[in-house]
Amino acid sequence: MARMTMIEAVRSAMDVSMGRDDGVVVFGEDVGYFGGVFRATQGLQAKYGKTRCFDAPINESGILGVAIGMAAYGLKPCVEIQFADYMYPAYDQITQEAARIRYRSNGDFTCPIVVRMPTGGGIFGGQTHSQSPEALFTHVCGLKVVVPSNPYDAKGLLIAAIEDPDPVMFLEPKRLYNGPFDGHHERPVTPWSKHPLGEVPEGHYTIPIGKAEIRRPGGAVTVVAYGTMVHVALAAAEETGIDAEVIDLRSLLPLDLDTIVESVRKTGRCVVVHEATLTSGFGGEIAALVQEHCFYSLEAPVARVTGWDTPYPHAQEWDYFPGPARVGRALQDVMEG
Amino acid sequence: MNEVPHLSLHVPEPAVRPGGQPDFSNVKIAKAGAVPRPAVDVAPEEIRDLAYSIIRVLNREGEAVGPWAGLLSDEELLAGLRDMMKLRAFDARMLMAQRQGKTSFYMQHLGEEAVSCAFRKALSKGDMNFPTYRQAGLLIADGYPMVEMMNQIYSNEADPLRGRQLPIMYSSKAHGFFTISGNLATQYVQAVGWAMASAIRNDTKIAAAWIGDGSTAESDFHSALVFASTYKAPVILNIVNNQWAISTFQGIARGGSGTFAARGLGFGIPALRVDGNDYLAVHAVAKWAAERARRNLGPTLVEYVTYRVGAHSTSDDPSAYRPKTESEAWPLGDPVLRLKKHLILRGVWSEERHAQAEAEILDEVIAAQKEAERHGTLHAGGKPSVRDIFEGVYAEMPAHIRRQRQKAGF
Amino acid sequence: MGEFVIRMPDVGEGVAEAELVEWHVKPGDPVREDMVLAAVMTDKATVEIPSPVDGVVLWLGAEIGDTVAVKAPLLRIEIAGEGEAETPSPQRGEGARRADEGALPPAVTPLSSPPSEPPPSSGPAGPLLPAGEKGKEARPLASPAVRLRAQEAGVDLRQVAGSGPAGRISHDDLDRFLARGEEPAAMPAGLARRTGTEEIKVTGLRRRIAEKMRLAASRIPHITYVEEVDVTDLEELRATMNAARKPGQPKLTILPFLIRALVRTLAEQPGINATFDDEAGVVTRHAAVHVGIATQTPSGLTVPVVRHAEARTLWDAAAELARLAEAARNGTAAREELSGSTITITSLGALGGIVTTPIINHPEVAIVGVNKIATRPVWDGAQFIPRKIMNLSSSFDHRIVDGWDAAVFVQRVRALLETPALIFIEG
Chain A
-6 MARMTMIEAV RSAMDVSMGR DDGVVVFGED VGYFGGVFRA TQGLQAKYGK TRCFDAPINE
54 SGILGVAIGM AAYGLKPCVE IQFADYMYPA YDQITQEAAR IRYRSNGDFT CPIVVRMPTG
114 GGIFGGQTHS QSPEALFTHV CGLKVVVPSN PYDAKGLLIA AIEDPDPVMF LEPKRLYNGP
174 FDGHHERPVT PWSKHPLGEV PEGHYTIPIG KAEIRRPGGA VTVVAYGTMV HVALAAAEET
234 GIDAEVIDLR SLLPLDLDTI VESVRKTGRC VVVHEATLTS GFGGEIAALV QEHCFYSLEA
294 PVARVTGWDT PYPHAQEWDY FPGPARVGRA LQDVMEG
Chain B
34 MNEVPHLSLH VPEPAVRPGG QPDFSNVKIA KAGAVPRPAV DVAPEEIRDL AYSIIRVLNR
94 EGEAVGPWAG LLSDEELLAG LRDMMKLRAF DARMLMAQRQ GKTSFYMQHL GEEAVSCAFR
154 KALSKGDMNF PTYRQAGLLI ADGYPMVEMM NQIYSNEADP LRGRQLPIMY SSKAHGFFTI
214 SGNLATQYVQ AVGWAMASAI RNDTKIAAAW IGDGSTAESD FHSALVFAST YKAPVILNIV
274 NNQWAISTFQ GIARGGSGTF AARGLGFGIP ALRVDGNDYL AVHAVAKWAA ERARRNLGPT
334 LVEYVTYRVG AHSTSDDPSA YRPKTESEAW PLGDPVLRLK KHLILRGVWS EERHAQAEAE
394 ILDEVIAAQK EAERHGTLHA GGKPSVRDIF EGVYAEMPAH IRRQRQKAGF
Chain C
6 MGEFVIRMPD VGEGVAEAEL VEWHVKPGDP VREDMVLAAV MTDKATVEIP SPVDGVVLWL
66 GAEIGDTVAV KAPLLRIEIA GEGEAETPSP QRGEGARRAD EGALPPAVTP LSSPPSEPPP
126 SSGPAGPLLP AGEKGKEARP LASPAVRLRA QEAGVDLRQV AGSGPAGRIS HDDLDRFLAR
186 GEEPAAMPAG LARRTGTEEI KVTGLRRRIA EKMRLAASRI PHITYVEEVD VTDLEELRAT
246 MNAARKPGQP KLTILPFLIR ALVRTLAEQP GINATFDDEA GVVTRHAAVH VGIATQTPSG
306 LTVPVVRHAE ARTLWDAAAE LARLAEAARN GTAAREELSG STITITSLGA LGGIVTTPII
366 NHPEVAIVGV NKIATRPVWD GAQFIPRKIM NLSSSFDHRI VDGWDAAVFV QRVRALLETP
426 ALIFIEG
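Protein sequence lines, in the order shown, are assigned to chains A, B and C.
Quick note on numbering: the first sequence equals residues -6 to 330 in this note's numbering.
Quick note on numbering: the second sequence equals residues 34 to 443 in this note's numbering.
Quick note on numbering: the third sequence equals residues 6 to 432 in this note's numbering.
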């Protein structure tokens, strides 16, 4: 066991995978010699050589297209898109190629790739370094979508993603890289070294994609969250004193519906929290599934706490970010409803 | 005060439109045998002019001349002629089958048979093509069963792709044929990735990327050239310039660049232009590019100058946008007739044998068609199960798709 | 001779109609496969329509200049053999399932509102309710969980006062209402009046069954013929064979014997192993005997098919029956296994009753129903002796099968079952 930040955990996952399977290659913008703008690939080129970990041109569709070709050859590329906000040029390759190669060729060719991308705000990144585009991936059949909330999960899920036979979008909440940020931007950052989920095995282990985790058991209301919002929800539950059960989805696609349904049938109330914009966001999918599967258990309408339907602002970041106060209010409303 | 002239937008136009006299004076044809054959390790900047000329082997008389001639034996040439004839007969039957309502869609190769048929013979087993929809010659020339192709076209119960793909979007890893997307240009950069993987693994295999003149305008074309150039990927970057992108003439994609091949020069990629209707020239150039790739000398860009004699697809009617007789005026002739003439001149072929071969091939294609039709056609007979809709989205079916499959009743 | 209908093909990526611009043939003309019949023009292209068959043109479906919808008949061609053009593909055809006809259990939609309807309005001329009264008639506000509890308790939520925001009824309100011992609670235990109704939406397999039954019952004039079969000997034989069966062999039911008897009889009466396309007026007699077995599954009736029963031994047929029944019940039967029968057997097993009036599996022309075996006293001329008797209730399409032939058929099957050795004798 070692103390790791989420960045170190992600790096360790790639390190372990590259050591076990020489088909695993890592590339992206600035990831080679320099080790990535968030340092996730630091040291990997020195350790595995520059044909296993290298810099790519600033060309996201090229990075994805090349990764897909490598996967067709039989490698297991794990590529980095420097910010999730830069993913759009690659969207054609992701949605119409990576996601469908197995299907359209009836398994003749497959596409076992991982696309890592730092996601979400909270770092004063403005509209092009703060987006949460996960719903653009969950809408695409053939992809898997993973959003870890802590170092332990990040490593286990990333190794599972690299070993997965299908393309996995791996969204890393960049605000969680160094600590379990709960939305209280005015307070000092708590480091992962002071958090139990900062305890990470140094070797190989996996966390199954498609399994949620209950972070806080409770009986009054179910909070469905992922990524940074898991920590925000936990803070909101503590601060309001509401006996909330907080579910960390970890995987959005495939989704652990059973855990959600079991919890909502028990609590009768549900609040979904995400940082991404509201309309057509993943919270809408959760709300629909909850009413479909738990309707007669519901005591109140399903509530969503999300980013506003605007671009991510710069100066007004903390008025945009769905922090513990907003989540707490939603919990109170749902309890009254 | 200076008088500043008003701006005006330039929109390119083809030389002629329907009703006009076909005009290919813009296509500058080099004499057969005139273009030199450099060593494969030549520096790209030393052969810049090859991107503006046209490498040709067969002359007007049907003789094979010049430094690119002499690579293929009589037997190989006879087999090549047969491949092209087979592809042409296959196309004719499948076009008819579409008109008979047996499938929804078809795309033929008429006039472009030499490109894919001859190219395939320059590759080795294990190499991988990333084709577009007009390179079925890669499969035919590699001996892929026509029945399988037809099963795919008919989306019948024996369709290897289980009815999921538009007709002619074949896939065969075993025959070095990557699953066709139907999107344009995406496969071009994937081929570069495959080639990079082969190099990472210190393998001996090479990749071939395919694109049409129109799709070179896509940004994936640029991506492919950047990556191929940067990592010196062992890949052949093929551009099939058949003059027409559905109804849009090649000038819209080419813009002010002299040729499509010339696009490679800015990337430091050796770029060649070749007579796409000359089986010998296509093969020789492909062989040269393949050798470069295999000797780790990096990518080669090849533009095949040819002409799409047929419609873009069964949904298209070219008489709406180009003169009906334009194909007859195409200065590089017909690839089948040119090779036939050459073989007769070599004394290994005759009009009689050609007619006989044509009849044999037609019989072979019809026999394959009858066999495929026993497994059904798009609207009649056996078809893939509704269950197949849900299979294969992922390696393992997730719960939500299983629920949907059950909802569909399967 | 048969007839082949050529329909306007979809010549280009979803075109809905095309204009006929040229006929290359006229009625009476012979045509060869691949010969060009017509030219049609769409907004995308002008294309030639080649013939998929050899034959003689019977009828042209449009004049030059007419616009013809895709899939509309373009011309009819007389061909050798039986018509094929209208042969539906298996997926659409008889017994097949389609994606839009799912096999899920019917959706149960409990009514969330209480059953007793508000008094009928006295019509447009009637007095308008005062606003307050109107409010009382509106849907009460309550969460789904409260509604469910109220429904289970038989409480009309309009009778319950709500204390929440905008008069919403909470669980506490409901508890108070129940504690007051209002009407539902006052009912003697065990004899509670039930007032709810349950609407079960007919969907999926159930809907398909419903449609098929309606089709068969409305289109086919059935004649049903019931005969008693003495299966005492057959049951003895069956018991002996079951006792002596090898490991891995399935237990024999009566069905494989009946299948063998049908195969023998149908060889003599091929007109009963047939399908009838009443629109085309064509009866198709089948060389193969594909026996459909009407099977109850958790989601409803399906008909798995023992294919090529004529080529199966008794044990083989029994094994196939067992496999199909299992697959049908698990929902793992392939589409091909659930369609294409030429005659059907229906059996309700232990619930088989005395007589059934089975409905023919359209477009077949006969169905054989197996009733329950019962031991009955039979007068043998001197005394009553116990015999095992089973009725066969069989229906026939009276348009195709005359009563006489139906009776001959059943009598022949009966003879084989009563003297089971005959089933095994060749010729």
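Calculated from the structure, these hints are not laboratory results.
Some hints here could point you the wrong way.
Calculated lysine-lysine pairs in the DSSO-like style (CA-CA distance at most 30 Å, straight line) [claimed, not checked]:
#	chain 1	residue 1	chain 2	residue 2
1	C	Lys31	B	Lys357
2	B	Lys206	B	Lys64
3	A	Lys43	B	Lys158
4	C	Lys217	C	Lys31
5	A	Lys43	B	Lys265
6	A	Lys204	A	Lys259
7	C	Lys251	C	Lys31
8	A	Lys40	B	Lys206
9	A	Lys187	A	Lys204
10	B	Lys357	B	Lys374
11	B	Lys440	A	Lys204
12	C	Lys377	C	Lys393
13	B	Lys403	C	Lys377
14	B	Lys403	C	Lys256
15	B	Lys403	B	Lys61
16	B	Lys357	B	Lys265
17	B	Lys374	B	Lys64
18	B	Lys440	C	Lys256
19	B	Lys357	B	Lys320
20	C	Lys76	C	Lys251
21	B	Lys206	A	Lys259
22	B	Lys206	A	Lys43
23	B	Lys64	B	Lys357
24	B	Lys357	B	Lys154
25	C	Lys256	C	Lys76
26	B	Lys61	B	Lys158
27	B	Lys158	B	Lys357
28	B	Lys403	B	Lys206
29	B	Lys61	B	Lys206
30	C	Lys251	C	Lys217
Status of each hint after checking the structure:
Distance check on the hinted pair: C/Lys31 and B/Lys357 sit about 29 Å apart at the alpha-carbon level, within 30 Å; holds. Restraint check for B/Lys206 and B/Lys64: the C-alpha separation of about 39 Å exceeds 30 Å, so the hint is violated. Between the alpha carbons of A/Lys43 and B/Lys158 the distance comes to roughly 29 Å, so the proposed pair stays at or under 30 Å and holds. At roughly 39 Å between alpha-carbon atoms, C/Lys217 and C/Lys31 are farther apart than 30 Å, so this suggested pair is violated.
Distance hint between A/Lys43 and B/Lys265 is fulfilled; the C-alpha atoms sit about 14 Å from each other, no more than 30 Å. Restraint check for A/Lys204 and A/Lys259: satisfied, since their Cα atoms lie roughly 19 Å apart, inside the 30 Å limit. For the proposed pair C/Lys251 and C/Lys31, the alpha carbon gap of about 66 Å is over 30 Å, so the pair is violated. Distance check on the hinted pair: A/Lys40 and B/Lys206 sit about 33 Å apart at the alpha-carbon level, beyond 30 Å; violated.
With a CA separation close to 25 Å, the supplied pair A/Lys187 and A/Lys204 stays within the 30 Å bound. Of the supplied pair hints, the one linking B/Lys357 and B/Lys374 holds, its CA atoms being roughly 26 Å apart against a limit of 30 Å. Using a Cα cut-off of 30 Å, the hinted pair B/Lys440 and A/Lys204 holds, with the two alpha carbons roughly 24 Å apart. At most 30 Å may separate the alpha-carbon atoms for a hinted pair to count; C/Lys377 and C/Lys393 meet this at roughly 10 Å.
Distance hint between B/Lys403 and C/Lys377 is unfulfilled; the C-alpha atoms sit about 49 Å from each other, more than 30 Å. Under the criterion of a C-alpha separation no larger than 30 Å, the hint pairing B/Lys403 with C/Lys256 is inconsistent with the structure, at around 43 Å. For the hint pairing B/Lys403 with B/Lys61, the CA-to-CA distance comes to about 45 Å; that exceeds 30 Å, so the pair is violated. Distance check on the hinted pair: B/Lys357 and B/Lys265 sit about 43 Å apart at the alpha-carbon level, beyond 30 Å; violated.
Annotation: proposed proximity of B/Lys374 to B/Lys64 holds, straight-line Cα distance about 18 Å (limit 30 Å). For the hint linking B/Lys440 to C/Lys256, the alpha-carbon distance of about 34 Å lies beyond 30 Å, and the restraint is violated. Our distance criterion of 30 Å between C-alpha atoms is broken by B/Lys357 and B/Lys320, whose separation comes to about 35 Å. For the hint linking C/Lys76 to C/Lys251, the alpha-carbon distance of about 55 Å lies beyond 30 Å, and the restraint is violated.
Taking the CA atoms of B/Lys206 and A/Lys259, the gap is about 51 Å. The hint is violated against a cut of 30 Å. Note on B/Lys206 and A/Lys43: the hinted pairing holds, with a Cα-Cα distance of about 29 Å set against a maximum of 30 Å. Restraint check for B/Lys64 and B/Lys357: satisfied, since their Cα atoms lie roughly 27 Å apart, inside the 30 Å limit. Restraint check: the Cα-Cα separation between B/Lys357 and B/Lys154 comes to about 33 Å, which exceeds 30 Å; the hinted pair is violated.
Our distance criterion of 30 Å between C-alpha atoms is broken by C/Lys256 and C/Lys76, whose separation comes to about 50 Å. Note on B/Lys61 and B/Lys158: the hinted pairing is violated, with a Cα-Cα distance of about 36 Å set against a maximum of 30 Å. The suggested pairing of B/Lys158 with B/Lys357 is violated, with an alpha-carbon distance near 41 Å, which exceeds 30 Å. A C-alpha spacing of about 26 Å is found between B/Lys403 and B/Lys206, which places the hinted pair at or below 30 Å, so the restraint holds.
As the CA atoms of B/Lys61 and B/Lys206 are separated by approximately 38 Å, the hinted pair breaks the 30 Å bound. Between C/Lys251 and C/Lys217, the direct Cα distance comes to roughly 40 Å. Violation of the 30 Å bound is thereby established for this hinted pair.
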